[in-house]
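Asks: Single-letter residue listing:
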Amino acid sequence: MIERVPELIITGILAGGLYGLLAMGLSLQYGVCRVLNITHGEFVMLAAVLTYTLATLGINPLVAAAIAGPLMFAIGFLLHITLFRTLKARTPSPAVFEGSALLVAFGIMYIMLHVGKIGWGGLRLPCYYLSEKVMFAGMTFFKNQIVAFAISVAIGVAVYLFLTRSRLGRAIRATAEDSATAGLMGVNTELILALAFGLGALMAGIAGPLSAMISAPSTAIGFQNTVIALIVVTLGGLGSVPGSFIGGIIIGIVNLLVLGLWEPVLTVPVYYGILMILLLVRPTGILGKK
Amino acid sequence: MDITGFISTHKKLLLVVFLVLLVVFLATVPLYGGIYNVRVLTAALTMVILAVSWAMFSGTTGYMSLAPAAFFGLGIYTMCVLEKQLPFLVIVVIGGLVAFAFALLVGLVTLRLKGIYFAIFTFGLVVFMSELINYLEVAIRQAHGWHITPLDNTMLFHTMLGLAVVTVLAIYFIRRSRYGLAMMSIGGNEEAAEHMGIHTTRVKVFTFAISSMFMGAAGVITAPILIYINSNIAFSFYYSFMPILMAVFGGMGQLYGPIVGAVVFTYLERLVRNQFPNYFMIGFGIILVVVIMFLPNGITGLVPMLQGKLSGVIARLRKGGEAEPHANT
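So the sequence lines, in the order shown, correspond to chains Z and S. Heads up, the first sequence is in the numbering used here, so the first residue is 1 and it goes up one at a time. Heads up, the second sequence is in the numbering used here, so the first residue is 1001 and it goes up one at a time.
No lab work stands behind these hints: they were computed from the structure. For clarity, every value in this text was computed on a predicted model and none was experimentally measured. Mixed in with the good hints there might be a few duds.
[Said to hold, decoys possible] Below 25 angstroms or equal to it, Euclidean Cα-Cα: the simulated DMTMM-like pairs (lysine to aspartate or glutamate) are:
1) Z/Lys88 with S/Glu1191
2) Z/Lys117 with Z/Glu263
3) S/Lys1084 with S/Asp1152
4) Z/Lys88 with S/Glu1190
Generate coordinates for the entire structure from the input sequences, incorporating the hints supplied.
Replies: Next comes the structure, spelled out in structure tokens:
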């Protein structure tokens, strides 16, 4: 048992990259648009089952990510300009908007879940890719885990640089900070909000295919992914990109240790234990601002 | 005797008489209604309890609980564990208290923080409960699932009706009490409420626990209807989604809004569920989105609005020609 711990920890870090990517999208959507997008996991699910369909046509999951990502971006973008923008104009205060947006997302979650069920049924849809073993210092890993981790981290770094260095990134951060003032400074805040929401969905759209090549997706994976993303985001600090990855890696390691050494059904209860302690001790998360 | 005058002066009395007659009518349905109607009515009353108690807390304070099913399922499991030991009505009370205690714990962890953390925490609560109980079941009993001795449908219906009456009455009085007003001011502006001297955390935790208590008690009564129970059946997302849909659709501003929503959707669901198992959930999801977007006060919120419009039209008609030149200027 004990000699497997280093292997489990490294596999956990690799899985954590994907969780980080997932959480970053959610964090961006809440941090900028103030929509706690509990549909996030369903975007992952749709992208993952789409990967299966593309795989049956002979397209590999990495190419599928390049197709599903922009598609999810488009869906997210459209959702924001049709629903959330109107809702924002109709609600009297930001607090009311947050509550109503949450309920709207709750409704969309059920719509997307059942669209997935009608289209793809309830079975597991295997589309493994790059599943060769890699031996390293007596430990076994899989190529696809390493590739998924590398892509996730690369996207994380790219998004971080985009947000901190580019003009558009600065506009996004300004809108998140104070959208009214940003508007007065000449930022097209409506467009920025929709872009940020779409970007969040894009990350779910890339995370879906990456997870689909590691483990067989089904239409039921959405909820689990949303729960993980929510806990990772809280752990890392809402609105922080590096925080998402730190939180993701912690949850990844915890996940693998519970799976490997204890009891698979206990992963969610253990996450909840962590979440509970976190909310009692440091509710803003590891890198969150007060 | 002037009947319209009598109606307007004794509005409250008439309402009470009407409600008592309604309850009496419902209570006698098993005598002539047939088993199917009794079952559907029991389901409708379950949803009334869930929707009204959800709306009491989340509708007024704005803290969105996404997990009515967690407390409902806890009630179901209380019944499983205590079925052989205690009389049914005692278990109903205990189920309520278990849910109360659990909600108190959840509230103490999350409700002193911003609303977003409460939503995050409650979102996965159903999975958490389901998997934890799944594990404990295997660890303690070495078995999955429970078989519950079915109880008499009429008795279950009457218990559910009794609980629904208690729930609605209790929530009616809570809404009028100091706690109800405190909840409303938290929903309006929490910071201001705190400055007014309201102990906001205490109010939120306490009212959240009360609302969960009714959900837990309803779960106990539902358990014998399900007959076979495992953690997936007890903690089903269905019981999280439907009460929220019903409360939002009916409108959370008035006490009767969620009741209307619960009754409408229970019957609607019976009509379409078997034919279109997936499409009806899509349809219900769309209804939820549309109602939040365009009818923030729900379907019962339409009544005062239409009344206002209608009386405007009537007044204009009465004035007739006099209003005409005015409109042209």
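Asks: Okay, which hints does this one fail, numbers in order?
Replies: Going through the list in order, the structure violates hint 2 alone and respects the others.
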